[in-house]
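Now for the letters of each chain:
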Amino acid sequence: MMSIKMKSGVLKRMRNLLKSSLFWILILSLAVLTACTNSDSNTNDEKSNEDKPGTDETAGKVSIEFWHAMSGTGQESLDAIVEGFNESQDKYEVKAEFQGTYEESLTKLRSVGGTKDAPAITQVFEVGTKYMIDSGYIEPVQSFIDKDNFDLSTLEQNILNYYKVDGELYSMPFNSSTPVMIYNKTAFEKAGLDPEKAPETFSEVIATAEKLKTDDMFGFSMLTYGWFFEQLVATQGGLYVNEDNGRSGDATEALFNGPEGLNVFNFLDTMNKAGTFGNFGTNWDDIRAAFASQKVAMYMDSSAGVAGAIANAPFDVGVAYIPYADEVQRNGVVIGGASLWMSKGIAENEQEAAWEFMKYMTTPEVQAKWHLDTGYFAINPKAYDEENVKEKWAEFPQFKVTVEQLQDTVPGIATQGALISVFPESRQQIVTALEDLYQGADPQEVLDQAAEGTNRAMEIANKTKK
Amino acid sequence: MTISLPKKIWIYFLLTVTSLLVFFPVLYAFMISFMTGPEILQGKFFPQSFSLDNYFKVFDRLPLVKYLVNSFVVSVGVMFGQLLVCSLAAYAFVFMPFKGRDFIFFVFISTMMIPWEATMIPNFFTIQKLDWLNTYQGLTIPFFALAFGTFLLRQHFKTIPKELHEASQIAGLSRFAFFWRVILPVSKTSLVTLGAYGFLTTWNMYLWPLLITTNSSVRTVQIGLKQLQSQEMSTDWGVVMAGVIVVIIPTLLLLFLGQKQLQKGLSQGALK
Amino acid sequence: MNTHVKPGIWRRTGNARTAFLYLLPSVILFSVFVFYPMFRTIYLSFFLTNQNGEAALHVGFENFAYLLESSAFLNSMKATVLFVLYTVPIGIIIALFFALLANEKLKGIGFFRTVYSSTMGISVAASSVIWLFLFHPSVGVFNRVLSVLNFPQIQWLLDPEWALISVSISTIWMNTGFSFLILLGGLQNIDEHLYESSRIDGAGYFYRLRRITIPMLSPTLFFIITISLINAFQSFGQIDILTKGGPSQSTNLIVYSIYREAFINYQFGTASAQAVILFIIILIVTILQFKFGERKVHYQ
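Chains as they are written, first to last, in the numbering used here: chain V, 665 to 1130; chain D, 919 to 1190; chain X, 2 to 301.
Bear in mind the hints are in silico, worked out from the structure with no lab data behind them. Don't take each hint at face value.
[To be verified] Once the Cα atoms are required to be at most 20 Å apart in a straight line, the calculated PhoX-like pairs of lysine-lysine come out as:
#, chain 1, residue 1, chain 2, residue 2
1, V, 725, V, 1023
2, V, 1023, V, 759
3, V, 959, D, 962
4, V, 1064, V, 1033
5, V, 849, V, 875
6, V, 861, V, 1064
7, V, 1054, V, 1033
8, X, 108, D, 925
9, X, 79, X, 245
10, V, 725, V, 759
11, D, 1106, D, 975
12, X, 292, D, 1076
13, V, 1064, V, 1054
14, V, 861, V, 875
15, D, 1144, X, 245
16, V, 755, V, 725
17, V, 759, V, 1008
18, V, 725, V, 780
19, X, 108, D, 926
20, D, 925, X, 106
21, X, 106, D, 926
22, V, 759, D, 984
23, V, 1046, V, 1056
24, V, 959, V, 937
25, D, 1047, V, 780
Chain V with its partners taken away, still in its complex shape:
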């Protein structure tokens, strides 16, 4: 045991030692505190500006927030477009703010919807359409279209069809894409195939994949993503859910495990069992890298990925329509992507600002820029007459295929796309079903499981609906 004398000695030494470090701790904490308060007041200043738009007195502008989920190239282009809008007039100012992926952004919106933290405009993915309409947080753009006598016929009808519910347009379509089949022309030549003639039906694709398969290269691949499955069902005229794809009422039962869905799963299963199908997972970039590094000769991609595929491939790239089952007519594609929603319950001048911005977004010039930067469709077909688009098309005729496929689409319930509030969950069920299929499970069995999961999700959603 230590003596008391020794202990006080220890204490004294400690105190001395401490003085210096204590001093530093104090200084540091002070510094942090001041830094915090300073920045807090800064943010509060900024915040109060954003919270109460329309009170930006210095400039006298109405300022609104626009939440989006565009990252990477999309964000770059979008920021430029928003800047263009802000400079084009002096009444409104739009602030574009990235909010994470579509899901993350929607989660946030669900939480702030109807409060003062809600933005004037939000970009929501296509499968969130049903939720948004039911949410009660939004002002249908149709009311502004009517008020302003805005001519909707200038916009692409096949895109509008998706977002129109009961003849009313709830949101302004924005970034829109469809699936396409992209293939390696050079590989086609090597296999003795005509590079200008891509296979069109399931059985043709199966046969072509067989011929293209080498030790290093798979014949065909598809991203493990529910969207592509939906498309392959729709192009056969098949429905995803009952109640006319959920458009005449709340859907209660999944139909995608019917004959059309089974056709798709059998199509994939045949190639998978024959070893001509390459599985590159759920990541967009992985499957594209596989194509660019010649690990797969044909694959399904989004029309927004065409530009990247051409730029990164050290060979000739062909773009074709998505395949369909042999025994049916081709119906075409369903639109994918996202649209812009206007919030309800915000100041009138903010809604006007939002409407002005939406109108600006539909102009041919903006749409031409957007189309060229990102590969998404122009929602205003006049954009395709712009000089810069024509030039690009002349250089890359592949782009044209994507637009033609959309315009060739037969309008109908199937190609209008399904409307269910639990779509994200259903897509996960499909992903799992596809993954199980690639592991050798029975096509009908995994499809039925996915349908069952979707049914349960829809049942809960309908049960808990207000």
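Dock chains D and X against chain V, hints included.
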């Protein structure tokens, strides 16, 4: 004491090989950050040239400096908040015997087991009600109380000889003075460890900062990283990797510079 | 000790009152940001929630019954347990190995220590992006090396047999830095004299490791095992970036499954029920660990 030469060589060999293995992923990311799209897809390891294009693009696309500053402020804030709150609690647990202490300590520890993802959405509503969206408070204060930190400091305080406490009472130090002027200084080691831990985990947070910020005024760098990756369009991996490098350099630098201090702190350890 | 006065009742409650003051900041923060949401979670786990996440339909234990019957959830539990078993022991052994190496007093050891601890400075988001590339099926380094060595290629993240292992490898890498630093600190606290006297006795390296190092390191080991276990149960970021729970649900750890239910499917009821089950599991594991682990810990 000396180490024999063959043993030395053997140790150096092991050190070198394992270090290379550990550091390889970072090195690889560094190499990719100089590559162009097609180069990356060809799966090369060395870039054709060390051009800084990707780095320019990163800084061009994002307000990265602002994000870095925000990350720094938030991380330092959480660090000090945690040190204070946790050391106060740990002090009470070790030096103030009271009824039910073990139970309360266990309740504290149990908070470690609650998955953060499960509490995130209610917390979001709390922050929104406090009007703390887009503020530093919202980013920092929820993390001040940390069971892990309390646990760490308690383990350390336990090794402090009881005699010291008694001596301090004889010397007439108040409870707080004893805590502030004796306990904290002799626990520098654990405080440094906890500080580093707090700083780094906060620096690395992603989902929470994304949720409670709606504009870039207080956003942190990890969100920037996400913004560089596209969803449906093709991602420019060279730029993403340049972003990764920019994001990890400050923390690596901190580890590198703080290594000596951290090491010293750790080695001083418990009073013997 | 003579100065020790028998404490009166005032003094005793005084302790409790002062202690409460010191604990107050933690108590407030925990109540607001941990316990309140936790109780809310427990509450919600007995409900089905509507599309806005509000409790809409009281269903009693139906959410739990559904989960315990659902093969997806059982699979998730299995994956979580496997993940913990893959990452915790191996991660700690590797970190201990590094710490022992870096504890040798050699020239330039500081450099190696920095390298070993470096992964602590790299965020989960950043490291997952890097590992995504390393695992890449067509351009990734691992498959390139395999093909150079003429081994068959591995579908690291796409083959359900491999995905969990791949995610575990990257997780071990991410956690090494932190465990290493803690263990190195522990090693350096061990009294040199203990080794010197054993050296005189002529004890070999492994004997010393077993008889001196490990026992003396046990508090640190106990600490790092506790932390690693809890961290492993709560791993999320790497799953989100590397696999999103796939392929065939093989990496759908419970925390990720909770995130998916809550954030994407917006089913707070089932998400909450999963969170409650996860909490109970971690609680049991921790109690067991404290019960059996702390007994073996050797406090100096």
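**Q.** Unsatisfied constraints (hint numbers, rising)
**A.** 11
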